[in-house]
Every structure is written in structure tokens, then in C-alpha cells.
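Residue-level listing of the chains:
2 protein chains.
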Amino acid sequence: MNQDYILPDNWSIIEEGFDAERVESSESLFSIGNGAMGQRANFEESYSGHTFQGSYIAGVYYPDKTKVGWWKNGYPEYFAKVLNAPNWIGIDIIINDEILDLSKCEVKNFRRELNMQEGWYNRSFEAILQNGTEVSVNVTRFLSLVSDELGVINYEVKPLNRAAQITFKPYVDAGVKNVDANWEEKFWEPLDVQHSGNEAFVTARTYKTHFNACTFMHNSIFLNGKDLEILPANAEASEDKVQFSYTIEANPNDTAAIIKFGGYTVSMNHDKDKLADAAKNVIDDAKAKGYEALLGEQKAAWASIWEMADITIEGDVKAQQGIRFNIFQLNQTYLGKDPRLNIGPKGFTGEKYGGSTYWDTEAYCIPFYMATKDQQVARNLLTYRYNQLDKAIENAAKLGFTNGAALYPMVTMNGEECHNEWEITFEEIHRNGAIAFAIYNYYRFTGDYSYIPEKGLEVLIGIARFWHQRATYSTNRDQYVILGVTGPNEYENNVNNNFYTNYIAKWCIDYALEQIEKVQENYPADHARVMAAVQLDAAEMLQWKNVADNMYFPYSEKHGVYLQQDNFLDKELVKVADLDPSQRPINQKWSWDRILRSPYIKQADVLQGFYFFEDHFSKEDLEKHFDFYEPFTVHESSLSPCVHSIQAAVLGRMEQAYTFYLRTSRLDLDDYNKEVKEGLHITSMAGTWMSIVEGFGGMRVKNDTLHFEPRIPQQWKGYSFKINFRNQVLKVSVHAGETNFTLEGERELAVVVNGKEVTVEPNTLVTV
Amino acid sequence: MNQDYILPDNWSIIEEGFDAERVESSESLFSIGNGAMGQRANFEESYSGHTFQGSYIAGVYYPDKTKVGWWKNGYPEYFAKVLNAPNWIGIDIIINDEILDLSKCEVKNFRRELNMQEGWYNRSFEAILQNGTEVSVNVTRFLSLVSDELGVINYEVKPLNRAAQITFKPYVDAGVKNVDANWEEKFWEPLDVQHSGNEAFVTARTYKTHFNACTFMHNSIFLNGKDLEILPANAEASEDKVQFSYTIEANPNDTAAIIKFGGYTVSMNHDKDKLADAAKNVIDDAKAKGYEALLGEQKAAWASIWEMADITIEGDVKAQQGIRFNIFQLNQTYLGKDPRLNIGPKGFTGEKYGGSTYWDTEAYCIPFYMATKDQQVARNLLTYRYNQLDKAIENAAKLGFTNGAALYPMVTMNGEECHNEWEITFEEIHRNGAIAFAIYNYYRFTGDYSYIPEKGLEVLIGIARFWHQRATYSTNRDQYVILGVTGPNEYENNVNNNFYTNYIAKWCIDYALEQIEKVQENYPADHARVMAAVQLDAAEMLQWKNVADNMYFPYSEKHGVYLQQDNFLDKELVKVADLDPSQRPINQKWSWDRILRSPYIKQADVLQGFYFFEDHFSKEDLEKHFDFYEPFTVHESSLSPCVHSIQAAVLGRMEQAYTFYLRTSRLDLDDYNKEVKEGLHITSMAGTWMSIVEGFGGMRVKNDTLHFEPRIPQQWKGYSFKINFRNQVLKVSVHAGETNFTLEGERELAVVVNGKEVTVEPNTLVTV
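Heads up: the protein sequence lines correspond to chains A and B, in order.
Using full-length UniProt numbering, the first residue of the first sequence is number 1, and each one after it goes up by one.
Using full-length UniProt numbering, the first residue of the second sequence is number 1, and each one after it goes up by one.
Fair warning: there could be bad hints in the mix.
Any copy will do: because identical chains look the same in the list, a pair fits if it lies in one copy or spans two.
[Said to hold, decoys possible] Mimicking DSS-like on lysine-lysine, the simulated pairs with C-alpha atoms at most 30 Å apart in a straight line are: (1) Lys677 - Lys72; (2) Lys398 - Lys589; (3) Lys722 - Lys619; (4) Lys186 - Lys208; (5) Lys589 - Lys208; (6) Lys280 - Lys756; (7) Lys373 - Lys624; (8) Lys677 - Lys67; (9) Lys545 - Lys575; (10) Lys674 - Lys398; (11) Lys72 - Lys575; (12) Lys589 - Lys391; (13) Lys398 - Lys575; (14) Lys72 - Lys589; (15) Lys722 - Lys545.
Think of the hints as simulated: they come from the structure by calculation, not from any bench.
Generate the whole structure from the sequences, applying the supplied hints.
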């Protein structure tokens, strides 16, 4: 843990006291989003201290020209970056001729609250300006879930010790840059600026990708709750910015306020020539409803999300706050409404990493969305990859693969690979496995087989072809080996026979062959269509099978474990516990070669395989591998502790499971990795959900049946969660000695609890 | 081979006919240098076609800010680049109001000649301008060996079909950029511009490194050989450029000429405030001598170099031309006069790679300079590393090494590492071995032990400490392993137990321990001084010894060979001969992952070890290893064919040795690697020298005695070379059936020819 300033609370994230050192961290933690856009918790007013400004629009990206020291054949020319979008939140505040700037005045009673239950962010403080004026400020901001192009700000200023002339200067500004731009270029080209009355519209276009976005605002000025219905005294417009000015006089304890409606209309959703019109519609709708009604809608919309997605934890506020923060951020990032979107690793909270889609989506996020939303959402996420199959084939072709072999990108926006480190881009190929596994997992959980004949089979075939071609026949071993890969543990590069990669490669081929057969039997028309399209014949399938049947897995007889890679045992096997703590995190302390030759594991690797394929191994096997690898794991990836938490729980090691749970659920709140100011770790938050449902709850689907092995950490009195299983919602509530089930649905459901089958009738409490 | 337009000639490089496609290639091939500065064969006059302009000053560099995609701890912030220096050669030529530009007129009888015997470059052609004027042009250029700040151009224009007004517009221009600048920044800051009469001086300073350079010119105008003693009609000066204008009228077949003296005076050699004065001295001296005398001096100076360095080959013009081209370029690049300088991989012929010093210097260049110059030259090259020992210790410390462990940089100008690819910078650590080996080699060849107690021992200790710390104890093997390295074969990265690296690591420790003992015995005062300085005790030395004595070497019983690295046999061992030729060179056709998992070897790796340590292995061992590795070697490094040529010769495979010899000696002339336009491969040229002297000549030093095993490729009638062995020059001349020795010296010399000892008396022909 690296910080602990966030106050424990069941439903809110709360910070008290102003500390300039924490501003960037809180900007990440108090971020808001509504699936269509997002906003870091930047101040509306000017701030001359350190800040990381970030506004984001889902799906709008820019392919920045690649920057590398030494070019390698096959590198992509562009890196699709999450774009810092135009600013719609800005409101300069001038009080008695002095600009309000928290780094230049005395700040008291500073407080932030992100109310996750209701979906709003509030900031309040008192400031003593250099001119002696004391004011109290209270700002509420939210991004509407109902009208997802709309953001709302209610900015209240109350003079405390003297009358004050208060000028609100709201603006919209497309003159923004990405902090991580490779060449310090601007990504937005201003196109048009309009304003009239209280409304302004700045239209800009991304270079290259030509996304048009109209950034808009509408402002109303209030005194003591009464709309003054005034127009701006002044409007300044440049090619990419419009700023209004409203001045009012307030007596002590008067509340002067500006309510700003703002946001974006973008050409992904509207005719690009009618963006300002669309924005006017958004504004008109918001004006018609008014602030309170909009806030009411917001609360209702979040209540409806929580109704399904909430997990309760009794007796442990920090644990409760952690899981809700994770669920809240996942829903802020991606709601599953738009099949063109995906779940970026930082969501709408930072620029780092770029791209919107990593293997995180399939390996970590799909289970969460599958269980807490309509199954169409998970299907959309699968379809996203199906739609990008051609690009995956192109991507593989760049690396010399042929015949429709597909390699899905490590990082992407539109299916094209963006990343450019050879050891990742070209070698971290296990990502392909997770994409196939998600198809299997979707069918296992939803029972909806139709996706496979319709779309999934082609993806499975492209992936199987890749593995077949990527494996190398070793005459020495008379087996197939997979050389030169990076496994999930990115602290080893260019290794041979990474167990996880070899295992999932074999599985992908076996699974593809099974599905081809099954589709042939049950969906002959789809089978014929797909086989004709991909030109696959029996001879090729035999070749695949030969590779799968003769895949080599490195194994140590001495330790009784599969080896992470051929040479793992050559390392100096000093456990993490015996490592000087001053050397950690090693990725900040050590040079790369030292990390690579160390035994330290960034994130679950062999154990990731045991997570996916738990049912292929005995609990004794799991225990042996967990005991072997856990002591070398440094968990410097956000994706690591959740898997270890689940496995520790399975092994009945509840203290350890709980520690990992806290680490995954409060990774950002407590800033374990010392980097939260760069943004949140969104995708790993789905891992936190898994660590409760699959770890403590022991939820599994086996043979179309839900199984549970509920366990409780001793710190908790109980916990509950819901899952949408085959279009019925099952609520599971676990307390010491008993597990309660309630089913919202119409059909009875058989569940297996600790090996014993139980029938749950709809709307009837069943206690086991 | 990729091109064959260079005409065969024993002493000259000749091109006939103008082909715009060849301009950049010829700019490299016809480069001139004098050890202190260098110049690509750019045209003096304007040229609007594709050209790569390059002027270089030895030792003047710029630390360009590192550009990488993904930063790793330990990367250097800067990359010291070879700087494109101000232009002193430029002369715009205007003929009857039209600028002469070979890409805009008809060109006939174009011819270039680089006369290596005499050290000058000539270009001649006839041009029909768009205005119909036909002219014949003849330009001679050289960089004086005698006055190494001086370059000389004699530019003659003869109208052929009509009278012509000819304007010569010579200039000096500091407004130059590096093509490879990471951020498109300028590296030169203009400081001062002066001109008077026929002279001009532009002084500029490199940013950051603050090298000051005065670029100067003096011009004289001639008509039919007579100096017109005119002043420029016009002078244009800007902040970084001065251009004069001289106009004369010439009748058909009159020869109008400009003789331009130019060059640089730099703050490495002069008070920075007196650079223009120093330049005036250079000009005055040149004016006093005049063009013909300067050219005469040049011829004499090159004759003196050739007297010692020449290798003759009878009966094979292309082979003769190749070796002389190599010897010529080595001498153009580095003459051993200035101990601050070193031998950059592209010399003065291009920007690529940056830095001036690689392990190439120790592994390839020192033997050449040691045998063809005074032994002080080789000692200077060793001292260069001694002087940078502190930086090597800092470099190792950045990677976590302690206690004075030294890691010499992969690429450097001043001792600081410049390179920034983790797999090279952090892992291609075998470079340390070559630096220690060169100390051993120097002593073996020169018999001068004094370098070791004075300087070498500290270097050997720093290097031994590095290897001791870098090795990892493997409990699994109960031996020391070296994990995560890149060997000389850069087509494998991050491998374990690269045989070459492990072998030289062990050797470095053993050799350091031996020398410590020897110095203790014979130079007790030096021993005491060094031990006190480095704080080395017996306990530490025992630890070193333990690592050396228990070093692991991967070995295949089945094949009877040491393995290039632990996992070499897992590769798909398809020989180069069986590879589709359309796939080569693989570094231009394949993505990096494919190269890495292939068995293809970029340059001698295990065989490099057999080259250095030939006497540790039997000829049968060599044969076995050569037969195993040669078939997988693609020789895509310039440093590869020479080693294979030597070993093929040792094994009596003369056809193969000859093929490799041609490839190494004509690598650039015939552009085997399709990249000659980027510059020449200077350091590998010393390998060409070795392939004759050590390969065909079989020259070795064993127990203070020169041994020879002379062999002749069947294409040759004979060959001869000279070596300076322990301050006496031995000429060796080999013809079928006999080897002749002549000794220039005062002491008789015992040599061993094919195992039989022979005594050579001074100045007496000995035939064996």
C-alpha cells in the first residue's frame, strides 16, 4: 500500500483536506464516466499546480506515429491513442478581480466525494483569496447515464466575509494535447466555432481518423437558487475556444451559482454536418428537465445498475468500498450498449497504454459483464473480435504467417496492432488463446451455442491455424515446441516453451477441432459456409492435431510442477520474501536484464493456466503449483492478485485470499503500484469481482450447472452477489454456516453447493 | 553480391557512366578521409537528385536525446552521434545563367576515380545544359594527410561548343543537419561569420558538447592554368554561411578553374577563441605550397603508408582491389596519431550507428593496426579504454553491479553508454571480454608487458568483477550459469549460457588472476598501488576463481559440439542452403520473432570463440564446430565472413576461404548487404586484413614466435604482406611452393613455417 487518505465508506469515495501532492492521484480516483465519455476529476476553475487534465470520448482515437529507437520489421507504423478530448468542464472563477486558483489561496475544509450509489461527484471547500475574500465553494458534477452525451455541473460560490463581485467564465476548448503524444503534435483540428445566447459549440476533427466532435455548453446563472436568466456580458471566441463571462454581485452568504450543461456530440453517432444541431437537442432536453430532474434520473439509473451488479460485504467497510469502487468504475467505462466499443485498461481515467482492447477484455472482463448484464453484452464483446478477424489475419501475415492464420493484436482500437516492442508485439502471443477461451467460456456460462456456428468458428479456425504454424518441430525432442515467446509474466521475454502458452495453444487447436465437428453435425449449413470461406480441409486439420497431440510441456520431476519455461530452474530461486524490500517494486528499481534473469513473476502465468483450466488439474496439482510459484510472484501487474486470491480461496487459505482480495480491490484506492495518478486499472477491476464470486463464492459452471463452494474470510460477517445465469438472476448470500439463494426468474434452477445438488425455486429463499 | 559497377583495378576505385540510382552508393564508396576529417563523395555543385550529404570531423559528436518507444530503467538519456559537420566543399556553378545540376542536364562520359595509391578523388564528365552549353568538368579533391585540417579542390570547367560566362560560387555553410537526428533538431549553433578577400570563416559550436569548429575556405580562380588573382565580385553572408561569387568569361576549350582550400580548425586542437587564426595559418601554409606541391605531398604521404600496409595479390584484380580498398579506408579513418580518437563502424562515410567505439575495435581493428603501425598505436587504443574505466564502472553500477565491476559500453564516444535496446545495451555483455582479450593480444604480439602493470591490470580487474557478479549459481546444475545475454550472434536475444560469453567470461577471470599474480611477482610497486586502488583481497579472488572453475558450458554429446546457447537444438535446424533465397537477407524479410526462433546466425558466435581461443581446441574440434555452425550462418553482419574465411583456410578449404575472402573484402564495393549508401563498414575491413594474414598466411604468435602456415587460393598466383613484429618489419611473400621472408630490422628473427623453425637474417631473402 502506498497511500491511505481515502476515507472508508460503504458507498462513497471521500477525501478530506487539501494536499497539492494528492491532486493528480485524486483526479484519477474521482473520475466519472458514463460509458460514452469520461472525465478526470480536474477542477473546473483554473489551477496552476500539478494536474493531469483528461477528458475522453469513447471510441474516438488517434493513430499517433510510432516512436521507437530501433525499428524492427513488422512494427506497426501507428499507435492508436486514447485521445484527450476537448474541455467542456472549464469555468474560470473571478472573485473581486482575483482569479480563484487553489494553489494560490488558503484552502480549508476541502472535501471530495464520489457517490457511487448515485453516480455523482462533489467537491467543496472554503478559500481565503489573496485579496482577503473568503468564499465557500460547492461543486457537483455528473455524466448522465440517461443522456450519455450530457455532462452537468452545478458550481456554487458563497462569499463568507464580505460582498463579492463574482465572474463565472465558462468555456469549451478544443485546443487540447495528449501528454503522451509521441511528437508533441496536436491531434485535433479546429473546424468551426459558434455561439449564441448562453450556448456555444466548438467543432473539431481528429487528424487522420477524422472523427468530428462538437463540444458544447449551455450555462445558467443562479442567485440563491433563482435562475437570473441572464445572457453573457461578453463572449470571446477563437478558432478552437469559446468563453463566456457572467458577472454577478453577491452579498455575504448569498449563493451564486452556474449550472453548466456540456458534453460532446460525435460523428460516430450523428451526421457530421449536424453535430451542433444534435448538441442543441441535448441542451434543449436538459433545459426542459432541469438540474434536479437530471440528477434524479442519474440516481435512478445507477440504482438500476446496482440492483444487478452490487456485491455487499458485511463487517468490512474497506473491503466493501473496494468492490463497489471496482464495480462502479467498470460500469462507468463500459455498459455494453455499443458493440463498437471495448474496455480500455485505463478506461476514461488516463492516457497510458493507449488502445482500447487488450486480452484483459477476454481474460478478465467478459466474466463480469456476462454475469451482471444481459448476455448480449458479452456476445457484443465477442463479436467485436469477430469483426476484427480480417485485421488479425493481416497482422499475422505481417509476421510471415499464411493461409488465414490470425494473430489478434496486443493493443488495438480498430483491429490493427498498435504496440511496438518486439518482445510483446511479436512474442506475447498467448493473447490469441484468451480470445478463443472467451468463446468457450461464453458458451459454458450462457449456454448460447449459436455464436459459434454464426461467428466464433471462424475465429477459432484462424487462431488454430496460427498455433499450428507457430509451433516448431524439435527433432531433438520429437515433439512440438513454441520458441521465443513472452508469457503473461512479462518479466521474462523471448523464452521457450512457456507452459501457459503451449498449454493454451494445444487447447485452442483441440477446441477448434471439436467445434468444427460439432458444427458439422448440428449446423451443417454453417459448417459448409465456413469451410468454404476458410478453405480448410481434413489434411490440414490432421496437421493441427499432430501439433496439439505432440505438444511439449516443460516439467520438473524434482519439483513435480510444470515449468514456467524451459530454463526457469536455472534462475537463482530466491523468494520474494527474502528479497530486500528496498529493491521493490523491481520494475522501478532494477534494470531490465536483472528483472529478466530473476525468478520474479509479474503476474500469474502458470497459475493463469491453472485458473482457466482448473478442471484439467487436481486440487493437489494446484496446491503444488501455487506453492511453487506464489513465493516468486511480485504482483507488479494489476492483473495478478485476483487470480492468486481465487486460488488461495480454493485451497482454503483464507487469510492469503483476503490479503490478495484487498490488494486487487483497493489497488488504486491505496495505490499499491505507486502510479494511480496516471489513471485507474480498469480491466483488473473485473478480476476483483471474480475474486469474490469465483474465489470466495467458489462459483463455477460445470455441465450446464452452477456450482458453489462458499467460503468467508474471517474479517467478514457475510457477503452477497447476484449473477445472471441463463437469463435468470440468482442472488447468493453467504454467511457463516449458511448460504442463501434467491432466484428472480421463472424456471427452477439446480445448483450444486459443496458438491450437493439443491433446487432453487423462483422467488423462494433457499438456505443451504 | 548486389552491385558490380565498380571497375576492377589494382589501385583505383573507378565508376564509369552516370546513373542517378548509384549516386548515394558512390558517395559512400568514393569517400575520402585523413584520420582527422572525412567527406562523402558529394558533388561540389548543386545536385537536386537523391543524395546523402556527409562531412565529418573526428572526435566531434553530439549527444542526441534518446528516442525509444518504451523506456527501461538503465537506458542512457543520450546517444552520442557522429555529427554531420559544416559543409566546406560546396561550389555552386553557374554557366551562361544556368545552374549546373547533374540531375537537370544531359551527362556524358561521367567517371569517378578514387586513387588509393595517391590518396585523391577525381570526377569528370561532360554536360549539355538546358541552355545548350556543353561543358567538360574535371574535379580533383583530397584531404591532406600532411596538413590534416586541410582539404583541397581543383574544379575545372571547359566550355566545349560555345563561349560561356562561368560563375563559381564557393561557400562554407554551418547550417547542416543530421539525417538521423532523433528530434529533427539542429546540432550546430552558429557563432561567428567572417570574410575578407578570398577567405571566409564560419564558426559554429555544437550544442551541449560545445565543440567549436571554424569552417574555412580560400579560393583562387584560374584561366588556362593562370591564377587570375581576382577577388570575389560579391559575398553573401548569413549567420551560418558565407558564399562568394566569381565570374569569368571563357571561350570554347578554355579551362576555367577554381582551387578551393577548405576544412576545419576545431577546439579539440586549438584555443577556441583562435580558431579563425588557426584556419588562416592553414590557408597561408597551403597558399605558400600551392596546389601541385600539396598534391605531391599527399602522394608521398600515402606512398609511405602503403610501404608498410600494402598487401599485394597477384593474378586476381578484384581481390587486389578489395584488400587495398579495405586498407585504404582503415587508414583514412584512423591513423593512430590522436589517442582521443577511435574507429567508428562507418568511419567518415555515414551517420548510422553513432558512437565511435564498439567492440569491433578490440576484436577486429587492433590486430591490423598493431601489425601495420608502430605498436604505440595499438597501445593508444588500449589506453582509450583505460581512460574510460570509470565510466565503465558507472555503467555497470546503473545496472546494479557494485564494488568496481566494469561494463564497457556497447557504443560510445566518451565512455558513456549510448545504445538503448535492452537486448543489446544490457545483454550483449560479451563486449567486455574482447576488451580484456585485446590486452592479452597486445602483449602476445608486441611483447610489451609494461601496459599491464601500468594500466591494463585495473581494466582486467573491473572486468573480472563484472563477470563474477553477472554469473548466477544454478542449484539445479551446481554450476555457474550466465542468464539473459545476447552473444555476437545478434539474431538470438536474451538467451542463457551463450557458449562464447560463458567461455570468455571464464577466460577473463582466469587471465585477470594470472596477471595479478604475475604483476605481484614482477612489478610489486604497481601491484601494491593497484590493489590499494581497487580494494581487492584474496577472499574476493577466491570467489572469482570459484565462478571460473565452475562455469557451465552447454554441450551436445550427440553432435559433439558446444551449443551456441542452452536451447539451440530446439530450433528447426534447416540449413541456409535449404532456405528459399527470396527470404534473404532475413533481416530485411522477416519479423524479429521469426529471426529469433530461427537457427540462423548473423555472425560468428561459437566460431568467434574458436577464433580467439584457437589454441585451446584441436583442429578436429574446430572442424566439427565449423561444420555444425557454418551451414546456419547468414553472414548478415559485416564482421562475419572474415572469421569464417580464416577458419576455412585453417581447415584447408580454400575455395570456401576464398569465397568468404571476396565477400569480406568486397562487401561494400559489391554491396552484399544492400545498404552501402548508408556508409561503409570500416571496422570489418580490418577483418579482411586478418583473413589474408591470419587466414591464408596462417600467421600466429605462439610463445613469442611468429608462426606461418601459408596457403594460396587457386585463383591467385601469390600474395605478400608486411607485419611489424616487435619493432622489426617482416615482409612475407607467398607463391605456390615457396614462401619468401625479408626482414627490415637489425636482429635476426626466428619464424616457424608449417611447424619448422627458420631463421631470418635482416635484409636477407629467405625462401622456404
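The hints, checked one at a time:
1. Lys677 - Lys72: For Lys677 and Lys72, only the inter-copy Cα distance (20 Å) is at most 30 Å; the intra-copy one is 32 Å.
2. Lys398 - Lys589: Only across copies: Lys398 and Lys589 sit 10 Å apart there, 35 Å inside one copy, limit 30 Å.
3. Lys722 - Lys619: Intra 27 Å, inter 75 Å, cutoff 30 Å: intra-copy only.
4. Lys186 - Lys208: Result: close both inside a copy and across copies, 11 Å intra and 28 Å inter.
5. Lys589 - Lys208: Answer is between: at 29 Å across copies they meet the 30 Å cutoff, but 39 Å inside does not.
6. Lys280 - Lys756: neither (59 Å within a copy, 101 Å between copies)
7. Lys373 - Lys624: neither (36 Å within a copy, 66 Å between copies)
8. Lys677 - Lys67: Result: close both inside a copy and across copies, 24 Å intra and 24 Å inter.
9. Lys545 - Lys575: between (39 Å within a copy, 27 Å between copies)
10. Lys674 - Lys398: Classified as between: cross-chain Cα gap 22 Å, same-chain 37 Å, threshold 30 Å.
11. Lys72 - Lys575: between (36 Å within a copy, 24 Å between copies)
12. Lys589 - Lys391: Between copies only: 21 Å across, 38 Å inside.
13. Lys398 - Lys575: This pair counts as between: shortest inter-copy Cα distance 24 Å, intra-copy 40 Å.
14. Lys72 - Lys589: both (28 Å within a copy, 10 Å between copies)
15. Lys722 - Lys545: neither (40 Å within a copy, 64 Å between copies)
Of the numbered hints listed earlier, those contradicted by the structure are 6, 7, 15.
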